[in-house]
Amino acid sequence: MNMERFKTKMALFRTHFFRFLLFNLVMRYYWLEWMLPFHVVNLVLGASTWIFFGKSFEATSPIYQQYGGDFVAFLILGLMLNSFYTYTLDAFRMATLFILKGRVGSMGQHLSMYDYLKLSGIPFSAPLLAFVVNGYIEQFISIFIYFLVGLLFGFKMGTGNYPVAILGIAIGWFAVAGIGLISASMITILGAWKGIEPVRWLVGVLAGLVSGVYFPVEVLPEQLQAVSRLLPQTYAMRIARLALLQGLGLSGLWQDFAALTLSALILFPLGVTLYRYFIDLVRVKTLVE
1 MNMERFKTKM ALFRTHFFRF LLFNLVMRYY WLEWMLPFHV VNLVLGASTW
51 IFFGKSFEAT SPIYQQYGGD FVAFLILGLM LNSFYTYTLD AFRMATLFIL
101 KGRVGSMGQH LSMYDYLKLS GIPFSAPLLA FVVNGYIEQF ISIFIYFLVG
151 LLFGFKMGTG NYPVAILGIA IGWFAVAGIG LISASMITIL GAWKGIEPVR
201 WLVGVLAGLV SGVYFPVEVL PEQLQAVSRL LPQTYAMRIA RLALLQGLGL
251 SGLWQDFAAL TLSALILFPL GVTLYRYFID LVRVKTLVE
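For the sequence shown, position 51 matches number 51 in the UniProt record's numbering, and the numbering has no gaps at all.
Hints in this document: simulated from the structure, not taken from any laboratory.
Just so it is clear, the structure is predicted and the values come from calculations on it, not from any experiment.
It is possible that some hints are incorrect.
Below are the DSS-like pairs computed for lysine-lysine, each with C-alpha atoms no more than 25 Å apart in a straight line [as the list claims (entries may be wrong)]: (1) Lys118 x Lys101; (2) Lys156 x Lys9; (3) Lys118 x Lys194.
Ranges of calculated distance between the beta carbons of each label pair, as one might list FRET restraints [unchecked claim]: (4) Ile63 x Asn2: 51 to 61 Å; (5) Phe147 x Gln246: 17 to 27 Å; (6) Phe140 x Arg19: 34 to 44 Å; (7) Arg229 x Ile189: 19 to 29 Å; (8) Phe147 x Ala11: 34 to 44 Å.
Glycine included, every Cβ here is placed at the ideal spot set by N, Cα and C.
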């Protein structure tokens with residue numbers, strides 16, 4: 001009986017997940033038409049600025065040698081991964097706010113998206129994950145643009161250790177997604193459903209400075225290096241760069257993998273637990289706009 005209920009729930013989830021995903025993809029057309037051209041220009045100019053700035057110091061800085069000595073490759077990989085992880089940090093909170101603050105209407109009658117889901121018996125997870133998956137399309141477009149900019153400036157990865165890099169990026173995703181779920185749960189736990197959410201703000205500010213997106217962590221003062229070691233993005237970026245640019249394997253990166261895996265094992269279950277608690281609070285707590 002339990003297995004039949006599970007199959008029914010999964011079938012219901014799949015049906016509504018793909019419906020919401022299709023809706024988001026249709027809306028994506030307007031983003032492609034009206035926003036993508038400007039987005040491309042912003043990314044190209046931003047990446048080019050950092051590349052020219054970094055190249056002015058490249059010849060006098062031996063610190064990039066551990067990453068293959070190629071500043072362009074170092075920076076482009078950092079920008080690509082930062083785009084991926086920044087969205088992961090925001091994805092669940094933005095999707096949750098879309099459900100809580102969105103409206104469904106017909107013939108002058110309106111319901112909140114959340115009330116519509118409850119009345120229709122649609123699983124909360126269906127539109128949530130559809131929104132999250134749809135957002136990754138934009139991020140992969142951004143990552144591809146960064147890659148093209150890198151090629152224009154001579155970006156080369158050579159024969160790197162791709163499986164190890166992908167593994168590190170994947171483990172990093174679970175760790176950062178855990179933080180994202182914690183951030184989303186603060187909507188009701190702290191009442192941070194409008195304005196600045198403190199968990200996401202703090203991690204986002206620190207990640208841009210100390211995780212090694214634009215420059216190696218080694219250039220930071222020791223106190224800031226200690227802070228960088230608290231962020232999973234630091235380890236994920238280091239693993240990806242050393243695996244792709246230097247060809248290092250698991251044996252050469254085991255310390256980074258150990259720290260990153262520990263972060264994922266703590267943050268992801270904690271995020272899921274807090275998000276489930278958030279769902280329980282939503283059922284009994286009213287959000288007044």
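Outcome of the hint check:
The suggested pairing of Lys118 with Lys101 holds, with an alpha-carbon distance near 14 Å, which does not exceed 25 Å. The hinted pair formed by Lys156 and Lys9 fails the criterion: a straight-line CA distance of about 47 Å is larger than 25 Å. This hinted pair checks out: Lys118 and Lys194 have alpha carbons roughly 23 Å apart, not beyond 25 Å. Checked against the hint of 51 to 61 Å, the C-beta distance between Ile63 and Asn2 comes to roughly 57 Å, which is consistent with it.
At about 19 Å, the CB distance of Phe147 to Gln246 agrees with the hint of 17 to 27 Å. Under the hint 34 to 44 Å, the C-beta atoms of Phe140 and Arg19, about 22 Å apart, miss the expected range. The hinted range of 19 to 29 Å is satisfied by Arg229 and Ile189, whose Cβ atoms lie roughly 27 Å apart. The given range of 34 to 44 Å is respected by Phe147 and Ala11, whose C-beta atoms sit roughly 38 Å from each other.
Going down the numbered hints, you'll see the structure goes against 2 and 6, while the others check out.
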